[in-house]
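2 protein chains.
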Amino acid sequence: MAEKSRYNYRVEPQDVDFTLRATIPSLGGSILNTAGIDAHGKGFGVDALNADNHSWVLSRMAVEFDCQPTQYTDYTVATWISDYGRVLSTRNFTLTDAAGREFGRAVTQWAMIDLQSRSAIDLSWVGDAHADAIVDAAPPTDKPRKIRAVSPTATAEHRVVYSDIDFNRHVNTMRYIEMMLDMLPVDMLTQEAPVRLDIHFLKECRFGQTLTVGCELRGRSALFEISADGAAAAVRASIEWK
Amino acid sequence: MAEKSRYNYRVEPQDVDFTLRATIPSLGGSILNTAGIDAHGKGFGVDALNADNHSWVLSRMAVEFDCQPTQYTDYTVATWISDYGRVLSTRNFTLTDAAGREFGRAVTQWAMIDLQSRSAIDLSWVGDAHADAIVDAAPPTDKPRKIRAVSPTATAEHRVVYSDIDFNRHVNTMRYIEMMLDMLPVDMLTQEAPVRLDIHFLKECRFGQTLTVGCELRGRSALFEISADGAAAAVRASIEWK
Numbered sequence: 001m002a003e004k005s006r007y008n009y010r011v012e013p014q015d016v017d018f019t020l021r022a023t024i025p026s027l028g029g030s031i032l033n034t035a036g037i038d039a040h041g042k043g044f045g046v047d048a049l050n051a052d053n054h055s056w057v058l059s060r061m062a063v064e065f066d067c068q069p070t071q072y073t074d075y076t077v078a079t080w081i082s083d084y085g086r087v088l089s090t091r092n093f094t095l096t097d098a099a100g101r102e103f104g105r106a107v108t109q110w111a112m113i114d115l116q117s118r119s120a121i122d123l124s125w126v127g128d129a130h131a132d133a134i135v136d137a138a139p140p141t142d143k144p145r146k147i148r149a150v151s152p153t154a155t156a157e158h159r160v161v162y163s164d165i166d167f168n169r170h171v172n173t174m175r176y177i178e179m180m181l182d183m184l185p186v187d188m189l190t191q192e193a194p195v196r197l198d199i200h201f202l203k204e205c206r207f208g209q210t211l212t213v214g215c216e217l218r219g220r221s222a223l224f225e226i227s228a229d230g231a232a233a234a235v236r237a238s239i240e241w242k
Numbered sequence: 001m002a003e004k005s006r007y008n009y010r011v012e013p014q015d016v017d018f019t020l021r022a023t024i025p026s027l028g029g030s031i032l033n034t035a036g037i038d039a040h041g042k043g044f045g046v047d048a049l050n051a052d053n054h055s056w057v058l059s060r061m062a063v064e065f066d067c068q069p070t071q072y073t074d075y076t077v078a079t080w081i082s083d084y085g086r087v088l089s090t091r092n093f094t095l096t097d098a099a100g101r102e103f104g105r106a107v108t109q110w111a112m113i114d115l116q117s118r119s120a121i122d123l124s125w126v127g128d129a130h131a132d133a134i135v136d137a138a139p140p141t142d143k144p145r146k147i148r149a150v151s152p153t154a155t156a157e158h159r160v161v162y163s164d165i166d167f168n169r170h171v172n173t174m175r176y177i178e179m180m181l182d183m184l185p186v187d188m189l190t191q192e193a194p195v196r197l198d199i200h201f202l203k204e205c206r207f208g209q210t211l212t213v214g215c216e217l218r219g220r221s222a223l224f225e226i227s228a229d230g231a232a233a234a235v236r237a238s239i240e241w242k
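Sequence lines, in order, name chains A and B. For the first sequence, our numbering gives the first residue as 1, with consecutive numbering after it. For the second sequence, our numbering gives the first residue as 1, with consecutive numbering after it.
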């Protein structure tokens with residue numbers, strides 16, 4: 001049975017907004033980067049999978065930040081895999097400051113796809129082959145919530161450009177989150193309050209597509225739905241400030 | 001007289017495009033981050049200046065990459081200040097891989113502004129106060145070139161949103177560069193050839209403004225001009241593949 005792995009980060013100037021606190025996408029970026037590094041180090045990273053024409057894709061993600069640390073704050077991201085299902089693998093994270101105080105956590109669920117067919121692969125063999133990578137510790141918070149119905153009260157359009165796409169040739173997770181945040185009032189984004197974000201990915205969005213980002217404000221929460229070229233929802237998300 | 005300072009980086013999964021090589025904005029981001037960290041460590045960072053309601057702003061930048069390293073490549077950014085003028089301070093950079101081979105370099109010129117009036121401050125006192133921070137080594141390549149006339153053959157519009165702005169409350173340098181790159185054919189961006197980018201900033205662009213990005217393709221080069229709300233040019237740049 002494995003142990004949690006720990007990686008050190010610091011809130012750099014490019015990670016903060018004008019309140020000098022780390023943005024949600026910068027902390028989310030560190031979380032996803034940690035997933036990549038940890039899988040790479042353990043021999044089942046995207047680079048190893050690419051040899052078989054496979055890749056990991058993020059299916060669902062929930063992140064919670066009790067606060068957003070200020071510029072130059074050192075922090076540690078601990079990560080561990082708690083389970084493999086047939087379709088999804090669950091990777092967990094906690095974020096702690098230098099004093100050891102936990103200020104954030106995340107639960108992510110990943111599918112493995114075939115890069116040719118872009119369809120999901122049965123993960124049972126991964127669970128067998130990498131059983132020693134599983135850590136016997138429960139996820140640090142509720143798993144990502146499904147968001148079923150969004151009734152947008154505002155929409156924005158965005159054509160997918162080179163800077164939006166990642167190594168998997170689809171829109172980068174943090175770019176989706178930025179598109180959503182950018183529809184909210186700045187006062188909402190810069191308030192100092194605990195925040196939880198749930199996002200789930202239903203379809204990939206690709207270079208050259210035109211995205212429609214729908215936003216429904218509900219008090220201190222917002223629901224989002226992104227679709228590409230007028231098709232059914234590709235991404236749904238909710239953000240809630242406590 | 002000071003020595004060059006060195007900072008270590010690694011090309012992370014979020015830094016690469018689908019060719020699995022580091023993007024120009026990700027390498028450029030490491031360069032600017034190094035400037036911030038080094039100034040911070042030496043006591044004249046943005047955080048120290050903010051106490052007097054001052055800040056550093058980038059005025060001009062030239063970057064050259066002989067190649068763009070692949071995912072998980074370790075590299076070192078060395079930085080040094082070569083001179084202070086009355087208005088601009090010159091900070092230089094070289095990028096080297098683990099074998100010590102230089103694959104990139106940059107020359108940046110910075111002004112100090114008053115955050116209230118947004119106007120430049122005489123830097124002579126900084127040169128006096130921080131003379132011991134100057135390194136007696138010439139810039140590693142030509143200083144940033146002025147780009148005088150751009151005749152756009154294509155234009156794009158972009159409204160400045162929350163994710164575009166940085167701690168100085170104006171559009172982030174790498175976002176400008178992304179806006180420009182996103183107007184070019186993807187084949188041009190992913191070719192394996194040495195590239196040089198020159199950018200200069202004439203005016204700040206702020207939250208809520210609508211930017212017009214003009215692009216003029218000239219063979220293996222491109223010229224750009226960005227203006228806000230129909231006013232005169234705010235940013236001009238050129239990108240040239242050898």
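Accuracy of the hints is not assured; some may be wrong.
As the list claims (entries may be wrong) - The following label-pair restraints were derived from C-beta to C-beta distances:
id : chain 1 : residue 1 : chain 2 : residue 2 : range
1  : A       : A149      : B       : N53       : 30 to 38 Å
2  : A       : E216      : B       : G219      : 30 to 38 Å
3  : A       : L202      : B       : G85       : 33 to 41 Å
4  : A       : K42       : B       : S151      : 33 to 41 Å
5  : B       : N53       : A       : D66       : 29 to 37 Å
6  : B       : N8        : A       : K42       : 16 to 24 Å
Claimed, not checked - Listing some non-contacts, in silico: residues in chain B with all C-beta distances to chain A over 12 Å:
id : residue
7  : T23
8  : A35
9  : D142
10 : Y162
Stated by the list, open to error - With the Cβ distance kept under 10 Å, some of the chain B side facing chain A (calculated, not the full set):
id : residue
11 : F18
12 : C67
13 : Q71
14 : I113
15 : L184
Hints listed in this document are in silico derivations from the structure and should not be mistaken for laboratory results. All C-beta atoms, glycine included, are put in the ideal place defined by N, C-alpha and C.
For each hint, the structure was consulted:
1. A/A149 / B/N53: 30 to 38 Å: Violated - the Cβ-Cβ distance for A/A149 and B/N53, about 48 Å, lies outside 30 to 38 Å.
2. A/E216 / B/G219: 30 to 38 Å: This hint is violated: roughly 48 Å between Cβ atoms.
3. A/L202 / B/G85: 33 to 41 Å: Because 55 Å falls outside the window, the suggested range is violated.
4. A/K42 / B/S151: 33 to 41 Å: 53 Å, violated
5. B/N53 / A/D66: 29 to 37 Å: 31 Å Cβ-Cβ, so the 29 to 37 Å window holds.
6. B/N8 / A/K42: 16 to 24 Å: 22 Å, holds
7. T23: 8 Å, violated
8. A35: 9 Å, violated
9. D142: At about 26 Å from chain A, B/D142 clears the 12 Å cut-off, so the statement holds.
10. Y162: 5 Å, violated
11. F18: 5 Å, holds
12. C67: B/C67 check fails; min Cβ-Cβ to chain A is 18 Å, beyond 10 Å.
13. Q71: Where the cut-off is 10 Å and the nearest Cβ of chain A is about 7 Å from B/Q71, the hint holds.
14. I113: Violated. Min distance 15 Å.
15. L184: 8 Å, holds
Violated hints, in rising order: 1, 2, 3, 4, 7, 8, 10, 12, 14; the structure is consistent with all others.
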